[in-house]
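Student: Starting from the known structure of chain A, fit chain B onto it as the hints suggest.
There are 2 protein chains.
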Amino acid sequence: MTHVPAEAEKNTRSVMVNRGPFEIPGFVAGAAESGMRYSGRPDLALICCEDPGGCAAAGVFTRNRFCAAPVELCRERLEGGKARAVLANAGIANACTGEEGKIRAAQMARLAAEGLGSPEDSVLVCSTGVIGRQLEVAPVAGIMPRLIGSLRPDGWQDAARAIMTTDTVEKMASVRIELEPGKTVTVGGIAKGSGMIAPDMATLLVFVCTDAAVTPEVLQHWTSAGVEDSFNCITVDGDTSTNDSLIVFAGGAAGNSPLTDTTSEQSLAFGDALRSVLRDLAIQAVMDGEGATKLIEIEVSGAADRQSARQVAFTVANSPLVKTAFFGADANWGRIVCAAGRSGVPLAPERVSLFFADLCVFQNGVPIGGEKVEEEASRIFAQKEIHLRLDLGEGNSSFTAWTCDLSFDYIKINASYRT
Amino acid sequence: MTHVPAEAEKNTRSVMVNRGPFEIPGFVAGAAESGMRYSGRPDLALICCEDPGGCAAAGVFTRNRFCAAPVELCRERLEGGKARAVLANAGIANACTGEEGKIRAAQMARLAAEGLGSPEDSVLVCSTGVIGRQLEVAPVAGIMPRLIGSLRPDGWQDAARAIMTTDTVEKMASVRIELEPGKTVTVGGIAKGSGMIAPDMATLLVFVCTDAAVTPEVLQHWTSAGVEDSFNCITVDGDTSTNDSLIVFAGGAAGNSPLTDTTSEQSLAFGDALRSVLRDLAIQAVMDGEGATKLIEIEVSGAADRQSARQVAFTVANSPLVKTAFFGADANWGRIVCAAGRSGVPLAPERVSLFFADLCVFQNGVPIGGEKVEEEASRIFAQKEIHLRLDLGEGNSSFTAWTCDLSFDYIKINASYRT
Numbered sequence: 001m002t003h004v005p006a007e008a009e010k011n012t013r014s015v016m017v018n019r020g021p022f023e024i025p026g027f028v029a030g031a032a033e034s035g036m037r038y039s040g041r042p043d044l045a046l047i048c049c050e051d052p053g054g055c056a057a058a059g060v061f062t063r064n065r066f067c068a069a070p071v072e073l074c075r076e077r078l079e080g081g082k083a084r085a086v087l088a089n090a091g092i093a094n095a096c097t098g099e100e101g102k103i104r105a106a107q108m109a110r111l112a113a114e115g116l117g118s119p120e121d122s123v124l125v126c127s128t129g130v131i132g133r134q135l136e137v138a139p140v141a142g143i144m145p146r147l148i149g150s151l152r153p154d155g156w157q158d159a160a161r162a163i164m165t166t167d168t169v170e171k172m173a174s175v176r177i178e179l180e181p182g183k184t185v186t187v188g189g190i191a192k193g194s195g196m197i198a199p200d201m202a203t204l205l206v207f208v209c210t211d212a213a214v215t216p217e218v219l220q221h222w223t224s225a226g227v228e229d230s231f232n233c234i235t236v237d238g239d240t241s242t243n244d245s246l247i248v249f250a251g252g253a254a255g256n257s258p259l260t261d262t263t264s265e266q267s268l269a270f271g272d273a274l275r276s277v278l279r280d281l282a283i284q285a286v287m288d289g290e291g292a293t294k295l296i297e298i299e300v301s302g303a304a305d306r307q308s309a310r311q312v313a314f315t316v317a318n319s320p321l322v323k324t325a326f327f328g329a330d331a332n333w334g335r336i337v338c339a340a341g342r343s344g345v346p347l348a349p350e351r352v353s354l355f356f357a358d359l360c361v362f363q364n365g366v367p368i369g370g371e372k373v374e375e376e377a378s379r380i381f382a383q384k385e386i387h388l389r390l391d392l393g394e395g396n397s398s399f400t401a402w403t404c405d406l407s408f409d410y411i412k413i414n415a416s417y418r419t
Numbered sequence: 001m002t003h004v005p006a007e008a009e010k011n012t013r014s015v016m017v018n019r020g021p022f023e024i025p026g027f028v029a030g031a032a033e034s035g036m037r038y039s040g041r042p043d044l045a046l047i048c049c050e051d052p053g054g055c056a057a058a059g060v061f062t063r064n065r066f067c068a069a070p071v072e073l074c075r076e077r078l079e080g081g082k083a084r085a086v087l088a089n090a091g092i093a094n095a096c097t098g099e100e101g102k103i104r105a106a107q108m109a110r111l112a113a114e115g116l117g118s119p120e121d122s123v124l125v126c127s128t129g130v131i132g133r134q135l136e137v138a139p140v141a142g143i144m145p146r147l148i149g150s151l152r153p154d155g156w157q158d159a160a161r162a163i164m165t166t167d168t169v170e171k172m173a174s175v176r177i178e179l180e181p182g183k184t185v186t187v188g189g190i191a192k193g194s195g196m197i198a199p200d201m202a203t204l205l206v207f208v209c210t211d212a213a214v215t216p217e218v219l220q221h222w223t224s225a226g227v228e229d230s231f232n233c234i235t236v237d238g239d240t241s242t243n244d245s246l247i248v249f250a251g252g253a254a255g256n257s258p259l260t261d262t263t264s265e266q267s268l269a270f271g272d273a274l275r276s277v278l279r280d281l282a283i284q285a286v287m288d289g290e291g292a293t294k295l296i297e298i299e300v301s302g303a304a305d306r307q308s309a310r311q312v313a314f315t316v317a318n319s320p321l322v323k324t325a326f327f328g329a330d331a332n333w334g335r336i337v338c339a340a341g342r343s344g345v346p347l348a349p350e351r352v353s354l355f356f357a358d359l360c361v362f363q364n365g366v367p368i369g370g371e372k373v374e375e376e377a378s379r380i381f382a383q384k385e386i387h388l389r390l391d392l393g394e395g396n397s398s399f400t401a402w403t404c405d406l407s408f409d410y411i412k413i414n415a416s417y418r419t
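As given, the protein sequences belong to chains A and B, one line each in that order.
All the letters of the first sequence, read from the start, carry residue numbers 1 to 419 under the numbering used here.
All the letters of the second sequence, read from the start, carry residue numbers 1 to 419 under the numbering used here.
Just chain A, same shape as in the assembly (with noise of 0.2 Å):
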């Protein structure tokens, strides 16, 4: 299983993926550290179009009813479809937090206009962390000189690990295509993980910035598109966060012939660059799941219809026995079996057949069996890198999500949180 996965290739264009540095023209990013919870470390990240008028800019947030405060806050702001930068915290969620977390969201985003010089209600905040912990104000006040001053072209290592909480690496990714002859556009974007991951959400928090000309509703179609096939399609923990927010912006600085529709060659070609750098973070979030050892690529297919495939899917990938069998390396395939008996899908066993890369270990109902099979599953199963094929033998569609496993330091990080 390579880091584009079977699934990436059979929907989309091939597209190379980068995980190192990258700049986006008419964009820059910084950090600072205003000590709000974590010591001697950044926790603020500023994102920032160049352009003082903003630029376009779409969301995707979680579906969770307790949302956060600044998650209210960008939806509001977003409605026009334009922005000019986003502000990030990371060690408080300011979720649960009532009026007085509104109001703090709404000072920390006035606080970063002020230093950019811009309207207030052209700058987003997100949050991650501790939820119903109130955000101090004060400290991102004293330190906003110096994230401004931070701002660079390359910043964006620098705003990656600044956003990151339980996150053991940071999460970078970006595209460079020729969108029309001379035109090349870059796609790059940073996101954060690594508990309370879960599907039906966009994701924690993800920043995507493109230099691609992009109207706001074409931006927002493929962001949403995107989402679908990337962050709605992983799992850490089957918590669905209160926070999630994923923003992309599109300044166009390349200089393409704006993309005004969702079907020209040009656009089909932008949205599959979004969606691979969307995937690409997706999986990154997924590798650092908290205690994650392994990824697991659980591929459902023969499923009457893709809601099917995906509630299987799910099912399989939050298994608590599933994902500490994946830990054990033991190639425990009744768990992964009896997962997908109990997902709700009228799903017939005897034409279920599972398979571990190529090995087929259960056949229509009928394990295979045998020291040989054994082996080779344990084989397998001892990789880093797992993919997994559940054929239910109703129909075509399928669905592939991506999971890890459920280790000792996922407790150990759970714990305790908050202390």
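Hints are computed from structural coordinates only; laboratory data are not their basis.
Treat the hints with care, as some may be off.
[Unchecked claim] Under the rule of at most 25 Å between Cα atoms (straight-line distance), these lysine to any residue pairs were calculated in the SDA-like manner:
1) K412/A <-> F408/B
2) K102/A <-> S353/B
3) K384/B <-> V373/B
4) K412/A <-> R41/A
5) K412/B <-> H387/A
6) K412/A <-> S353/B
Tutor: Below, chain B alone, put in the same frame as chain A:
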């Protein structure tokens, strides 16, 4: 919180449940060691009605689509509402074993039937353990005379031990009630947990006998109703097993006027007694959940309807982030509220309140906060049994779920269950 929780007291008459040894006139139980998978411990249990003609019997089984071969056998044989005995083995589940599995389940039943001198279809079989492996019938045949020789009125504890897999203690519960003047009846049962425990099912294995005279229809009615208020209210890890089987026998040795309806005072009293036994066994299963160190009672009140309350309660009860916080004694209420918010129930954040025991930590969408509340919450979280109540402020319906925490030992037990 006592072992018979608040909810039980509200809905039902108070019945004293005994977890010690019991006997049930008209029934015998026993155990023996086949060596099929474990060594040095009994792994076969036999429960038998002394009347060779059998007695009324009822059952509730898993809704997993991959139900095990013995589950299919039991379902078929219970259609007539009558049976004499149940033979259970621990270590191999006989699930996902195809036609061969069905043949072996029937062979197991035949061996017991021959030993008991009863018709083959009067014997039920249940299995628990590894999925996908075939039962070994020869060791069962070899040990059958000894198993039948072990049957005695006080053999329940031996039987309860023989069906354990990852359970750490045997689970027994019984009640005695006077059904009519001078006619006291006993309802007693045993159960095993302790992983792959989730609602929408019966539970792994539960066997209950009573000397009350009850028609099969009435017995099935109270069995189904009792499961709804007991085993369908618990979860250890959200994984519904392939083998869940709950079987109830009613022998009639008590000599009461047979219960032929579900509305008489006697019948209601019997229903309460059965429910009390089932609920106590269910709570014992949670307390002995894999790796469990705490019992958590999650009451959702003020819901628009029972189904909404249930959905919120189970979303909280199955959240790995909530469960690890309980393990770490971290009163991280934000995770509880967050889980409720992603449950799919359209709740209004500004009407939601959360209580730990009687301590309000979140009121109408706003945290109470303060050092005192934090200290008191930590004190409550340090206890072994924790009650929390989430009030949705929508209506008058409620649901209580029981779960346990998620600890290092859960990972340890399940990372290498088959080896």
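Student: Straight-line Cα separation of K412/A and F408/B no greater than 25 Å?
Tutor: OK: K412/A and F408/B at ~8 Å, within 25 Å.
Student: Does the alpha-carbon distance linking K412/A and R41/A stay inside the 25 Å limit?
Tutor: With Cα atoms ~22 Å apart, K412/A and R41/A stay inside 25 Å; holds.
Student: Take the C-alpha atoms of K412/B and H387/A, compute the straight-line distance between them, and say whether it is at most 25 Å.
Tutor: Holds, at about 24 Å.
Student: For the pair supplied as a hint, K384/B and V373/B, is the alpha-carbon distance within the 25 Å limit?
Tutor: The hint holds at about 19 Å.
Student: Between the alpha carbons of K412/A and S353/B, is the straight-line distance 25 Å or under?
Tutor: 29 Å, violated
Student: Going straight from one Cα to the other, do K102/A and S353/B come out at no more than 25 Å?
Tutor: 19 Å, holds
Hint check: a violation occurs at hint 6 only; the rest are consistent with the structure.
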